[in-house]
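Peer 1: Turn these sequences into a full structure, and let the hints guide you.
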Amino acid sequence: TKIIEENEEYIIETTSAGGIRRNHNDYSTTPEVIECPIKKKNDWVPIKERLKPDFKRINWASTWQTYQKAREDGLYVVFGAASGYDLLQSYIKSEELLIFMATDPEWIKEMVDTTSDLILETVNMMYKEGFHFDGVWVYNDMGYRNSSLFSPSMYEEIIAPSDKKRNNWFHEHKMQTILHSCGCVKGLISSLIKHGFDCLQPLEVKAGMDLKELKSEYGDKIALFGGINVMLMEDPDDSKIEKEIQEKFEIAKKGGGYLFHSDHSIPLDVSFKKYQFVIECVKKYGKY
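In terms of the working numbering, the sequence shown opens at residue 725 and continues consecutively.
One or more of the hints may lead you astray.
Claimed, not checked - Quick list of in silico lysine-lysine cross-link-like pairs, PhoX-like style, CA-CA up to 25 Å:
#1 LYS765 x LYS776
#2 LYS888 x LYS978
#3 LYS977 x LYS1008
#4 LYS1011 x LYS977
#5 LYS793 x LYS726
#6 LYS977 x LYS967
#7 LYS945 x LYS930
#8 LYS764 x LYS817
#9 LYS918 x LYS898
#10 LYS888 x LYS910
#11 LYS793 x LYS852
#12 LYS1007 x LYS964
#13 LYS1008 x LYS936
Claimed, not checked - Label-pair ranges, simulated between beta-carbon atoms:
#14 PRO885 x ARG774: 19 to 25 Å
#15 LYS726 x LYS764: 21 to 27 Å
#16 LYS945 x TRP788: 33 to 39 Å
#17 TYR751 x TYR1012: 37 to 43 Å
#18 LYS997 x GLU773: 47 to 53 Å
#19 TRP784 x ASP828: 35 to 41 Å
#20 GLU756 x HIS895: 35 to 41 Å
#21 PRO991 x LYS945: 27 to 33 Å
#22 TRP893 x TRP784: 17 to 23 Å
#23 GLU759 x LYS930: 27 to 33 Å
Hints listed in this document are in silico derivations from the structure and should not be mistaken for laboratory results. None of the values given here were measured: they were computed from a predicted structure. Using N, Cα and C, we set each Cβ at its ideal position, and we do this for glycine too.
Peer 2: What follows is the structure in structure tokens.
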């Protein structure tokens, strides 16, 4: 990657996938997509050649050191990677990608499968070298404010086969599977459960992902991770976020299967003192 232009407010730089993005200097917001490397089908060919599993992709020494330290500290250790639709946005502009999903689903499925196999083979390679992960956490934003970005049937056709293949292998090797998917993905949850996801995060409140509703409908089938309205952390009235945590915890923690998390990234204007208060509420209302 390289910086193309930078001023007091913005930075424009290339991405590792070959695109160009403009962002605020503090990287506090979603970047503006200026350019992506795939504009036509033939552009995929040289990129596919680069997406092959390779022992040299991994910095083994530093990764092993980090892994060992996490194990010594008793942490839950995951392998993390972007996947599916979300990853392909690194290569194709979102609005064009959605059109290609409708007009040339076989091509997009090939891209999804290629990138998914890279994840699977890399985890397998690391497993053989002694890295035994507790879970695999994949990031695939598939929703916007009102619904999923594409239909459940399109998910089943294009993305689900690779998710199922990966998740089956992970389960065979005693790894749990966590999916990060922002936006409203209620219409996909049944499919996500069917294809082997053990946990869904972050349950975005402003997109209608109501933790209490989801617990009632799916709480015995998939772990729920998040669902606490981050916008209430910004409110100067502490009682609002306390009420949010108290009322949602009361329902979500019944029978287990819930993990605390904000429903989105913590905004910069949430003070450390306010976040400490949030964690105090989590400990207070999260006790059994």
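Peer 1: Hint by hint, say whether it matches the structure.
Peer 2: Going through the hints against the structure:
| no. | hint | in the structure |
| --- | --- | --- |
| 1 | LYS765 x LYS776 | holds (19 Å) |
| 2 | LYS888 x LYS978 | violated (29 Å) |
| 3 | LYS977 x LYS1008 | holds (13 Å) |
| 4 | LYS1011 x LYS977 | holds (9 Å) |
| 5 | LYS793 x LYS726 | violated (32 Å) |
| 6 | LYS977 x LYS967 | holds (15 Å) |
| 7 | LYS945 x LYS930 | holds (24 Å) |
| 8 | LYS764 x LYS817 | holds (11 Å) |
| 9 | LYS918 x LYS898 | holds (18 Å) |
| 10 | LYS888 x LYS910 | holds (19 Å) |
| 11 | LYS793 x LYS852 | holds (19 Å) |
| 12 | LYS1007 x LYS964 | holds (17 Å) |
| 13 | LYS1008 x LYS936 | holds (19 Å) |
| 14 | PRO885 x ARG774: 19 to 25 Å | holds (23 Å) |
| 15 | LYS726 x LYS764: 21 to 27 Å | holds (25 Å) |
| 16 | LYS945 x TRP788: 33 to 39 Å | holds (36 Å) |
| 17 | TYR751 x TYR1012: 37 to 43 Å | holds (38 Å) |
| 18 | LYS997 x GLU773: 47 to 53 Å | holds (51 Å) |
| 19 | TRP784 x ASP828: 35 to 41 Å | holds (38 Å) |
| 20 | GLU756 x HIS895: 35 to 41 Å | holds (39 Å) |
| 21 | PRO991 x LYS945: 27 to 33 Å | holds (32 Å) |
| 22 | TRP893 x TRP784: 17 to 23 Å | holds (21 Å) |
| 23 | GLU759 x LYS930: 27 to 33 Å | holds (29 Å) |
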